[in-house]
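Read off the chains here:
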Amino acid sequence: MSYIKKPNIALSNAPKNELGMTYTDYEGAMSTLCAGCGHDSITGAIIQSVFDLNILPHRMIKMSGIGCSSKTPAYFANQSHGFNSVHGRMPSVATGANAANKELFCIGVSGDGDTLSIGMGQFSHAIRRNLNMLYIIENNGVYGLTKGQFSASADVGSTAKKGEANKQVPIDPCQVAIALGATFVARSFSGDKDQLVPLLKAGLMHKGFAMVDVISPCVTFNDHEGSTKSYMSTRESKREAVYTDYIAPFNEIEVNYEKGSSIEVDLHDGGRVILRKTDESYSPQSRGDSVKNIRAASDEGELLTGLLYIDESQQDFTDTENMIDQPLNSIDHKTLCPGKKALKNLLDSYR
Amino acid sequence: MSAPKSNDFTVKFANVNGTGSSSANGMFMKSLFRMGIPVVGKNYFPSNIQGLPTWYEVRANENGYLAPSGSVDIMVAMNAQTYDEDLSAVEPGGYLIYDSSWPRETLMTRDDITVLGAPLAKMCNEAFDTARARTLMKNTTYVGVLAALLEMDMGVIEQLLLDTFGSKTHLIEANKQALEMGHDYAKENFECPLNFKALATNKTKDHFIIDGNATSALGCLYAGATVGSWYPITPSTSLMDAFSRYCAAFRVDEKTKKNNYSVIQAEDELAAIGMALGAGWNGARSFTPTSGPGISLMNEFIGFGYYAEIPTVIFDVQRTGPSTGMPTRTQQCDILSCAYASHGDTKHVCIYPANPEEAFYLSVNAFDIAEQLQTPVFVLSDLDIGMNDWMIKDLEWDDKYVPNRGKVLDQDDLEKIEQFHRYLDSDGDGIPYRTIPGTHPKGAYFTRGSGHNKFGGYTEDADEYQDVVDRLLIKWETAKSLVPSPIKDFKKKNKMAILSIGSCDDAIREARDLMSKDGHDFNYLRVRAFPFSDEVEKFIDAHERVFVIEQNRDGQLKKLLQTETSCDSSKLKSIRLYNGIPIFSKDVIERIMKEVSAGKAA
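Protein chains in written order, with this note's numbering: chain A, 1 to 351; chain B, 352 to 953.
Any given hint might turn out to be false.
[As the list claims (entries may be wrong)] Below, computed lysine-lysine pairings styled on PhoX-like, alpha-carbon distance capped at 20 Å:
#, chain 1, residue 1, chain 2, residue 2
1, A, K341, B, K751
2, A, K334, B, K751
3, B, K910, A, K344
4, A, K344, B, K751
Since the hints were made in silico from the structure, they are not lab data.
All chains should be modelled from the sequences, with the hints used to inform the complete structure.
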């Protein structure tokens, strides 16, 4: 199907967001991924999220590395600048771009290979800087483009298409991110848009590094019996720890959750995240508890999902750097250049 | 070499690193400078924090030659570890000053030099209370000894102390005391002055002393660079240190106290170049300073920047390779690795300053060229330029300067056009138009290192692919007209010439003057950029023999000339000086004259 040019279907009654844009306005080129690929569902969820959030597409940048996941920024938001960088090194490009213009929304799409193997270093340091971006890991446990090698997120015992079992312990991006100091850590499943869309929205509006690990089955190389990242296996093992709602600022709605089971977190943009816990003991505002709960679920063979950790109290990268409010790329040269007289005075200090 | 004369001598300080000697040595040099005597300071230091030998060499000469002389007239031997070596380095007729506090029986000596012992430690131990002061002031004390031996103007040195330490009166007092102590001891015990001395003159007017990393940083500041990313590596670290310092002084918004810049210390060089490219792509002037090992790591991204056409400036302050090499020694060993950095067909604009003065102007140029050509541009300096103290002419700045941002479509431009295509060569110069993210919905395009066609779309089509990489060659031709032209000294009568690059310049200037006195005249061309302009080829064609002088083992500049020009390469004679020490004019002369006489014999 991927060789067909994407038809342009304009529906007169298509719903519009506050900017007067339709869902179609946020779409991108035709996907070239395999039919049924989990990544395409995530693309759909991204489109839904930015449509709902009324983001001007040209005020958003889409960043990626290399791999199947990293192709996806071409498939949404045609009116956004995209940057398909080199393998595992998207975070550094996003960091430079953020330094140049911190006003732009930044969505990074990566994969388990791109993040947890070749890109582990840059991933860690983007967290350390609390870079203001939504970082999505489209996690399928497998290298698709090179035809089915295990990735660093493959579970012990999970089998490859030809039957051999993975023997190395997986790296769990959520546990790693929480340990490294990430300020927004979530996990979801490509097949669960209801859960995924609010998480992506909250992640985009979070000021800082928002990581969403999305289990996204590879229909070609990792969707068989024996794989722990197949549609079947994920559906069975997935357990939602918290249900997340994102409430935009000025869209005040009456929220009525049972006392004790919901938590409200104010975001910097004025919006709010509402977390409805399904498990009373769960505390997504304690790093220690979060990791403990993820591990406990994992020991039970379950995959804990939802917004697993959030901390709105930390400064993001540009604040830590004490960067001026105006984007650096728009400051005029007269302001930046000290000029002739200052140079002369400076030289005098070297005599 | 010739015997030392007044205002024409070299003093070398042999110290232990971590003992605070550098400020005293700098004080000695600056005092000569303030007396109007041209000076240059070369630092031979170990890759170490404390305890290893380090040398600082000050050359004074009225001609203003900035290369080291290659000989030592006065050795200040403060390091017992290297005493033998330092003793043997002194020219016959020269002097050696040592600390005679604890006379050492095993001290070697030489009959053809004068050895002067001064009890520096003893004097300082008596005069100062703390261990730190005793160590530090010993250095100032030998400056006092030198001041007496060279009959330097004590008023000048004392004024320098006042200017340096400002309100720290205790430091001024202590240094003054140490200075006078050394001065008085020398006066009483040695014959002062020596048969050569420092005579006040007026040859340093409109000059100042600075290193090339600082002037490169000033270039970044004045060019309007706002994002600098880096990973610490000798000898480029002080470039970013200087940039941060200048930014703290000139780039903090008065009202908000917030920064008009961002200096990002990256996790490695791979990230540093990624950040520079990300910022360049997003419309900020960006740069990353590094050295050879960093360039090796950056290679993948450099090819990306070339193919995706993203402006940024990479400073390579070269040090000796291969591998870790000698991090604190100089070389010009990255000429080829920068010119062709990365896999696939790539070639890059490289700019080669010769000294800190040029490093300033050419750095500013580099930002303009990078944006005009939409590509990463290298500025290749080296440890000698970057970290040594050079006396250079006052830098000039034209307040009318406007950054050349190249072909960028702004909001109005985009409003007017029907559709934007990122890689379309509509002007025939190989340079397409670009847009900055966030400007306008019509400006959006997809930046990728994978195959793309001229419209910016992904392609695996043979013709579409080739169309773009061939267009990059047209851009390369355009680059020749934008890069700094070579510096040339040409007289038709001369059949032989010297062709060189970067920091070889001053040794060559001196060597040409000296050889000319002996009746050997050579024309001279110094390349300042790659790609080479047609002038370079014409220059080679106009001579029978061309000596290509450079600081690497394999003759990288010569190889580049052979590959990238159609000159008759049998004319090129390679002269390579690559032991890690800045080159001396006497070595240049020796090597050229050897070739010349061999040529005659044949």
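For each hint, the structure was consulted:
no. : hint            : result
1   : A:K341 - B:K751 : holds (13 Å)
2   : A:K334 - B:K751 : holds (10 Å)
3   : B:K910 - A:K344 : violated (41 Å)
4   : A:K344 - B:K751 : holds (16 Å)
Checked against the numbered hints listed earlier, the structure breaks hint 3 alone; every other hint is satisfied.
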